[in-house]
Amino acid sequence: MERPRHQGMAKNTYMRWRLPLVCLLWEVAMIILFGVFVRFGPEADAHWEEEKQEMNLTSDIENDFYFRYPSFQDVHVMIFVGFGFLMTFLKRYGFGAVGFNFLLAAFGIQWALLMQGWFHSFKSGKILIGVENLINADFCVGSVCIAFGAILGKTSPIQLLIMTLFQVTLFAVNEYILLNLLHIKDAGGSMTIHTFGAYFGLTVTRILYRPNLEQSKDKQGSVYHSDLFAMIGTLYLWMYWPSFNSAISEHGDAQHRAAINTYCSLAACVLTTVAFSSMLQKKGKLDMVHIQNATLAGGVAVGTSAEMMLTPYGSLIVGFICGIVSTVGYVYLTPFLESRLHIQDTCGIHNLHAMPGLIGGIVGAITAAAATEDVYGKEGFIKAFDFTGTYRTRTPSVQGGFQAAGIVVSLLMAFAGGTLVDLPWWGQSPCGKHRPGWCFLRGVPGHSSCPCTRAAIQSLGEGQL
Amino acid sequence: MERPRHQGMAKNTYMRWRLPLVCLLWEVAMIILFGVFVRFGPEADAHWEEEKQEMNLTSDIENDFYFRYPSFQDVHVMIFVGFGFLMTFLKRYGFGAVGFNFLLAAFGIQWALLMQGWFHSFKSGKILIGVENLINADFCVGSVCIAFGAILGKTSPIQLLIMTLFQVTLFAVNEYILLNLLHIKDAGGSMTIHTFGAYFGLTVTRILYRPNLEQSKDKQGSVYHSDLFAMIGTLYLWMYWPSFNSAISEHGDAQHRAAINTYCSLAACVLTTVAFSSMLQKKGKLDMVHIQNATLAGGVAVGTSAEMMLTPYGSLIVGFICGIVSTVGYVYLTPFLESRLHIQDTCGIHNLHAMPGLIGGIVGAITAAAATEDVYGKEGFIKAFDFTGTYRTRTPSVQGGFQAAGIVVSLLMAFAGGTLVDLPWWGQSPCGKHRPGWCFLRGVPGHSSCPCTRAAIQSLGEGQL
Amino acid sequence: MERPRHQGMAKNTYMRWRLPLVCLLWEVAMIILFGVFVRFGPEADAHWEEEKQEMNLTSDIENDFYFRYPSFQDVHVMIFVGFGFLMTFLKRYGFGAVGFNFLLAAFGIQWALLMQGWFHSFKSGKILIGVENLINADFCVGSVCIAFGAILGKTSPIQLLIMTLFQVTLFAVNEYILLNLLHIKDAGGSMTIHTFGAYFGLTVTRILYRPNLEQSKDKQGSVYHSDLFAMIGTLYLWMYWPSFNSAISEHGDAQHRAAINTYCSLAACVLTTVAFSSMLQKKGKLDMVHIQNATLAGGVAVGTSAEMMLTPYGSLIVGFICGIVSTVGYVYLTPFLESRLHIQDTCGIHNLHAMPGLIGGIVGAITAAAATEDVYGKEGFIKAFDFTGTYRTRTPSVQGGFQAAGIVVSLLMAFAGGTLVDLPWWGQSPCGKHRPGWCFLRGVPGHSSCPCTRAAIQSLGEGQL
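Chains as they are written, first to last, in UniProt numbering: chain L, 1 to 465; chain V, 1 to 465; chain P, 1 to 465.
FYI, nobody ran anything at the bench for these hints, they're computed from the structure. Note that the coordinates shown come from a computational prediction; the quantities given were computed from them, not determined experimentally. Just so it is clear, CB atoms sit at the ideal spot from N, CA and C, and this is done for glycine as well. Treat the hints with care, as some may be off.
[As the list claims (entries may be wrong)] Cut-off 20 Å, straight-line C-alpha distance, at most; resulting in silico cross-link-like pairs (PhoX-like, lysine-lysine): (1) L:Lys52 / P:Lys383; (2) V:Lys383 / P:Lys52; (3) L:Lys52 / P:Lys378; (4) V:Lys52 / L:Lys383; (5) V:Lys378 / L:Lys378; (6) V:Lys378 / P:Lys52.
[Unchecked claim] If you want the ones that stay clear, here's a sample from chain P, every Cβ over 10 Å from chain V, calculated: (7) Lys52; (8) Asn63; (9) Gln110; (10) Gly130; (11) Leu134; (12) Val331; (13) Ala416.
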């Protein structure tokens, strides 16, 4: 009987060194890759003085920093405080939610700077970065935070880091296909961030399905204070979403318009969320989960179209619909997904990101297809859709078709990616007796009857925080 | 004995549908009105490229978005996180405070965009909105959040929505009288937001007076964590108040000056709040309620004059006085108002908004009356008070008189408005036996002896959240 | 036996009046000094219209307000919410941490505006202030907040105000020596803010050493919610640190670069903090104290060099090292400092600010010494180090030497200042029997055996909040 204990100790020692090793080696890799590839872009480089003269700029205020830095900081708050605290509603996973979100985002932004840099900012062998790259890196990591919401409480930090590496890579590829090859617009990332991130996470959680998880449901309850902490996350996401959707839009009217559209959509979404939350609950009480999540669906759903001439009332309509869809999703769809499709969606990202993301992609396609020179003005029309060079002759309806194709591509990438990650292989072995990944492996006989599954759920659920 | 129960069920069904119906119908109304009236302003419209050429602007950075968006986001945080969390200090109303504040503000900003738009941004049949409209809508809703502070824990969400509809409407009328007819300055809204909002709320709470409320005083206590949550609200209001008072000032020096004056006033206010809180308490301990509220009075009281040449030491003096007035108010005036005037001011808005708002109006009138071309410069003088067109010949002392008149108008509008709303009629019936509004109706015999009052207090107090 | 009680009452009365008197008298002094000295700078004055014409500026957007105000607000949040909430991790000092931090910062910024104004913005007998002065005042107070972290739970509010007065004064002198006399660069304050503030605080806590403090260790524990509150502080410091390090950099590329370098350093720091926290703990669990603090060390350590051409990978390396140094410090150095050197460092500022600050100074010196015209460009080189006028002929290696001298000066000023403050003299007498300062005085026989020390620890520990 000594042996298992011995093995357990060996496993503990192994575990103790694995997370540090992964973190250190990856960070060393980042330093080497940054050393080889990453340099300051022209607006952040000390040669800017000369650059300014060449570009005939008379003032430092023309530096992109002043156009985008306030929005960048708002996005930054959304990623770290918004997503982090939104997930603190479970009384047992508060630390894990905020802490692991912090870890994966801090790693993810570095890898995203590289991946997105190779695709979009690569000039004469170097990636030249500026504030827009920082925003895009935060966006990319946002899609990982979304996926994290589906698997919250079911993974170890190492699994999260592995997932981040995979997902950021695929995100950059998908983004390249959409923005560069299909030449579509998606400033607020309805497709690239929300649809992709959510379906990626849902595929991963499907693979991580553990039938016995319901036994630990008592840990999933919320308490008064955890709900107030979660409201901090909700409100920061809600307030700063106009910055999110406008952060990388074209200077001037496009940024301005994207903020207004998002503001309107979010406002309408709150009203329909409250309406349906009250209507679908017994006694007409409001459900805090709906208030915390469904109120944000309006921001997701104008992600693609916010910088277009969606108009304020168009935004209200989108928000109106999404508040309903998202709340109904929490009440009817989440239980269905778990019981029938074995998809345990801890934070309900299917309702907050997946469905609204799809709606956002569709709204974007329609808005693009309906664009006319009359509405946008001659120059505004070309600027809004970047119909220059190769794309000079593209018509709005063709653009709408490509936008729709972007949704399909994002979905396929998400399903394929989520399946490929295969987190169980990288996971913490539940008992220390089998090699990592064994117990959770799909198809292995006795998976659900493994005697140590329950212990595993507990140790993983509480994470290492 | 079956009947009352049956009635109760009927009432429950009725209640269950009322909030959803109000939310949905009103949101539909918003969509229709936005569809008919609201369009993007020139700086948010895709025609901006042509507009720029007409206005001879060489850079996108001249778009009003870049002048005001960072301040807008700070104001946005104040309304949703600041006011929301400031009211979480009561251990039982934390959800209600944050959640209902969220609901009323999200509805209010839509109605405010319309009301203020008709008065100020109406051109050829359309309301043209930009970032300044978003700030003004947030401002308008701020006055509703203030009023909410007086009635916290005493109303249902429907009553709050009714109050929001009324108050936003009256706010816009009052603002139109002050800014357009009287041509007075009130950038930070000492009169339009704080004086109006606070006396409106105090009038409403006077009408909602329930003598038995003291029986539930055990629910009004604060606990350690609720006080820390409230400090989040306090600090965000305190930090971002310079943005609040400068958000809609003229570009350039006026915005800059407003931020500095507010920063100074708030800093001084903290010192006198601490001094008087310690002095007036037994054992010299500090009262968290004073720290949470009275420290903010300095921001309210420079609302009108912040963009004027109040000077940093003038701001310190205003903050110095307001910290004292507000703290003394919490210690002596709030109990007096409740016991003698039957005004139950849950959050003490009389001390934080009403009195400092009045002081702010008076300071503004004096600062305006004392203005000289010497202090402001020839051009600066005209720009600061917009002494152009019809008002070309107005003198500082006349301006001071009009500023003072603005205080009186705001007070009258608040009293009249608060009385007209008559929330009890819209309220939740306490027992389900009488029609809504019955038990709480002023002057009805037996009001305080209604056998179900106590149950009512409980059910309302806990709200629907 | 009546007498001690009587004395106790006398002392209570005395205490009750002392804090209010200090607050009121000091605020009156501020008003008088502001009245004599402080006026609006040209960009905040109503004469700006004329100023603009003289400076040949065509747009209000050229006002410094628009270059710096968003960063100012981020810094403001760091000082009041960041530092305030970071210190709430102790379950008993949550109020004290946030409340006293609020008080000292609100007083400190006023005194800092004066002190720094006399040294840097004094023109024809007046201190002319603008947004940059507000940022600098916040920076100065930041160093006091850091020092507060070392003595948290050991001082009364009056002692904190005394310390603030001393430290702000010395900060301004030290800053003047470094920036003006030695002509060194320190935009993010690795030396002036962090090294100076931390060693000042550590010297003060050494003097306040109380051997019996360990008896009250049960009060120092953290609880679940206090750790989540502390994470709010951590995340806001982490997210806004790029704004901190870039807030007063030169317009244009320098601000842009400082933000990018800080972003990179902080990201790397999180990974090594997690690695070493997991490695050095039993069972490989993460320690929340490390996550809350060591993750920020990367921001401190690029404070001096962020605006230089440190390059993104250079920043990653600095962050990499600092995460390790800081975490190891928490595990091994903090206990050593307490047991051997009698330095009770409540929040571990030696690991978060002192060591990373020193590293930051050294990295700055090396980066400056390694600067070449090739890397910076001819104009960029002169602009980056302000090699104009008297300093036209200074070479990078000489600049590096001066930078290194700045570290030494900051250290000496901190040790001298911390010793001179001698807080115990100003303190609350632990028992009311001896005059203030008696029991805690260094070298007094029977210091540790004073019968009332324990009561003192309790009453002081809980503070007046």
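Verification of the supplied hints:
Of the pairs offered as hints, the one joining L:Lys52 and P:Lys383 holds, with about 14 Å between alpha carbons and a cut-off of 20 Å not exceeded. At most 20 Å may separate the alpha-carbon atoms for a hinted pair to count; V:Lys383 and P:Lys52 meet this at roughly 14 Å. In summary, the hint linking L:Lys52 to P:Lys378 is supported, as the alpha carbons are separated by about 14 Å, within the 20 Å threshold. A C-alpha spacing of about 14 Å is found between V:Lys52 and L:Lys383, which places the hinted pair at or below 20 Å, so the restraint holds.
With a CA separation close to 43 Å, the supplied pair V:Lys378 and L:Lys378 exceeds the 20 Å bound. Pair hint V:Lys378 plus P:Lys52 holds up; C-alpha atoms about 14 Å apart against a cutoff of 20 Å. Taking the minimum C-beta to C-beta distance to chain V, about 8 Å, the non-interface status of P:Lys52 is violated against the 10 Å cut. At roughly 5 Å, the least C-beta separation between P:Asn63 and chain V is not larger than 10 Å, which violates its mark as non-interface.
Look at P:Gln110: its CB is around 5 Å from the nearest CB on chain V, not clear of 10 Å, so calling it non-interface is violated. For P:Gly130, the shortest C-beta to C-beta distance to chain V comes to about 7 Å, within the 10 Å cut-off, and the non-interface label is violated. Here P:Leu134 does not stay apart from chain V, with its beta-carbon only about 6 Å from theirs, under the 10 Å limit. A cut-off of 10 Å between C-beta atoms confirms that P:Val331 is not in contact with chain V; the least separation is 28 Å.
The beta carbon of P:Ala416 is kept farther than 10 Å from every beta carbon of chain V, the shortest such distance being approximately 28 Å.
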